[in-house]
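A.B. asks: Okay, here's what each chain looks like letter by letter:
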Amino acid sequence: MSDRQHGEDLDDQNAPGEEGGRESIAAGVRTYVIGLVLAGLLTAASFAAAGSNLIYGPAIPVALIALAVAQMGVHLVFFLHVTTGPDNTNNVLALAFGVLIVALVLVGSLWIMGHLHHNLMPMAEMMQRQR
Amino acid sequence: MSATQAQSSNDPHKLGHGEVPVSERGPAPKRIVVAYGFWIFLLSDFIMFAGFFAAYAVLVGETAGGPSGAKLFDLTLVGWETVLLLLSSFACGMAGIATIARHRFWFLVAMAVTGMLGAAFLCLEVYEFTHLIGERAGPGRSAFLSAFFALVGCHGLHVALGLLWLMTMMAQVWAKDFRDDILRRIACFSLFWHALDIIWVALFTVVYLLGAGL
Numbered sequence: 001m002s003d004r005q006h007g008e009d010l011d012d013q014n015a016p017g018e019e020g021g022r023e024s025i026a027a028g029v030r031t032y033v034i035g036l037v038l039a040g041l042l043t044a045a046s047f048a049a050a051g052s053n054l055i056y057g058p059a060i061p062v063a064l065i066a067l068a069v070a071q072m073g074v075h076l077v078f079f080l081h082v083t084t085g086p087d088n089t090n091n092v093l094a095l096a097f098g099v100l101i102v103a104l105v106l107v108g109s110l111w112i113m114g115h116l117h118h119n120l121m122p123m124a125e126m127m128q129r130q131r
Numbered sequence: 001m002s003a004t005q006a007q008s009s010n011d012p013h014k015l016g017h018g019e020v021p022v023s024e025r026g027p028a029p030k031r032i033v034v035a036y037g038f039w040i041f042l043l044s045d046f047i048m049f050a051g052f053f054a055a056y057a058v059l060v061g062e063t064a065g066g067p068s069g070a071k072l073f074d075l076t077l078v079g080w081e082t083v084l085l086l087l088s089s090f091a092c093g094m095a096g097i098a099t100i101a102r103h104r105f106w107f108l109v110a111m112a113v114t115g116m117l118g119a120a121f122l123c124l125e126v127y128e129f130t131h132l133i134g135e136r137a138g139p140g141r142s143a144f145l146s147a148f149f150a151l152v153g154c155h156g157l158h159v160a161l162g163l164l165w166l167m168t169m170m171a172q173v174w175a176k177d178f179r180d181d182i183l184r185r186i187a188c189f190s191l192f193w194h195a196l197d198i199i200w201v202a203l204f205t206v207v208y209l210l211g212a213g214l
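Those sequence lines, one after another, are chains A and B. With full-length UniProt numbering applied, the first sequence covers 1 to 131. With full-length UniProt numbering applied, the second sequence covers 1 to 214.
I should point out that these hints are in silico values taken from the structure, not numbers from a laboratory. Each residue gets a CB set at the ideal place from its N, CA and C atoms; glycine is no exception. Some hints here could point you the wrong way.
Which residues of chain B face chain A? A partial, calculated answer using Cβ under 10 Å [to be verified]:
| no. | residue |
| --- | --- |
| 1 | 28 |
| 2 | 32 |
| 3 | 44 |
| 4 | 79 |
| 5 | 165 |
| 6 | 170 |
| 7 | 171 |
| 8 | 174 |
| 9 | 185 |
| 10 | 206 |
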């Protein structure tokens, strides 16, 4: 949006972090306020859920992760302006690849280390057998 | 002629790539290339953090007889840290809007607020770290605490470097006004600052909220 007055051709892509369209200042501020309110609500919900008795205990981690993913989405859309619009395909595709690698690193590590942990003898027992 | 006009009206976003083929349109404007490149860097930064998160998740139970997260973490402090960083991210957005409006005074005000909130966040984090080390729960105590200090410390380091960058941007706008190259740097800085807040969301959920329940 910033350099468009400089006579460049209208692009079909937005730079990441750039608001699409030619919005007024008020509209820009409103986007951030909506984002702030949503993020604040989700944060409050996370902290409330962490110590609450209202939710079935074992479901709390799932609820927390769901709330965190939702809040990251809010940050992406309202603060970073990475949306699903057609002017954002490049940014979203790069993000999707990043998320894929992040998921592989996280799930792969937990999976493999969980198996190793499971298959290893407890230290005390190992010491006994070596005697 | 009428065919191309019909095409452009049916295709406002030029998904069919408009009248000029992609191969003949030349490189994207520098503003987009720079921000996109920085976006790729940020994604690689996320991947680095994923490594730290994975290490933390694997080692979270390995307390070597030392204290676990449930004993150590103070959720009130973490709540304040979260509020500070969220407001800081919002103030950074306001600085972005001041940039679009080319309003130097409000840009400097918004950036100063962003920086002060970020610095307050960092102070709380340093307080937490010194407090933990004072309770003999430093990074050398157990594998869990090593992973904790590495992960949270890495985020804190990013915030500290971001503060340095923030002050540089304020000085540059002060001295040189909104030149094109400085606008690109501001765009990259605001991406960086918002990305730090995204990482903090993952961090306070995985480390503190889930850790406090363990």
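A.B. asks: If a hint holds in the structure, say so; if it does not, say that too.
C.D. replies: Against the structure, the hints:
1. This hint holds: residue 28/B has a C-beta 7 Å from the nearest C-beta of chain A, less than the 10 Å allowed.
2. Checking residue 32/B against chain A: minimum C-beta separation of about 4 Å stays under 10 Å; hint holds.
3. A distance limit of 10 Å between C-beta atoms decides the matter here; for residue 44/B the minimum to chain A is near 8 Å, and the interface restraint holds.
4. Interface hint status for residue 79/B: upheld, as the beta-carbon distance to the closest one in chain A is roughly 6 Å, under 10 Å.
5. A cut of 10 Å between beta carbons decides the hint on residue 165/B: the least distance to chain A is about 15 Å, and the hint is violated.
6. Interface restraint check: residue 170/B against chain A, minimum CB-CB distance 18 Å, threshold 10 Å, status violated.
7. Of the supplied interface hints, the one on residue 171/B is violated, with its beta-carbon coming no nearer than about 20 Å to a beta-carbon of chain A, more than 10 Å.
8. Annotation: residue 174/B was flagged as interfacial toward chain A, and the flag is violated, the nearest CB pair being 19 Å apart, outside 10 Å.
9. Checking residue 185/B against chain A by beta carbon gives a least distance of about 12 Å; that is not within 10 Å, so the hint is violated.
10. For the restraint placing residue 206/B at the interface with chain A, the shortest Cβ-Cβ distance is roughly 8 Å, inside the 10 Å limit, so the hint holds.
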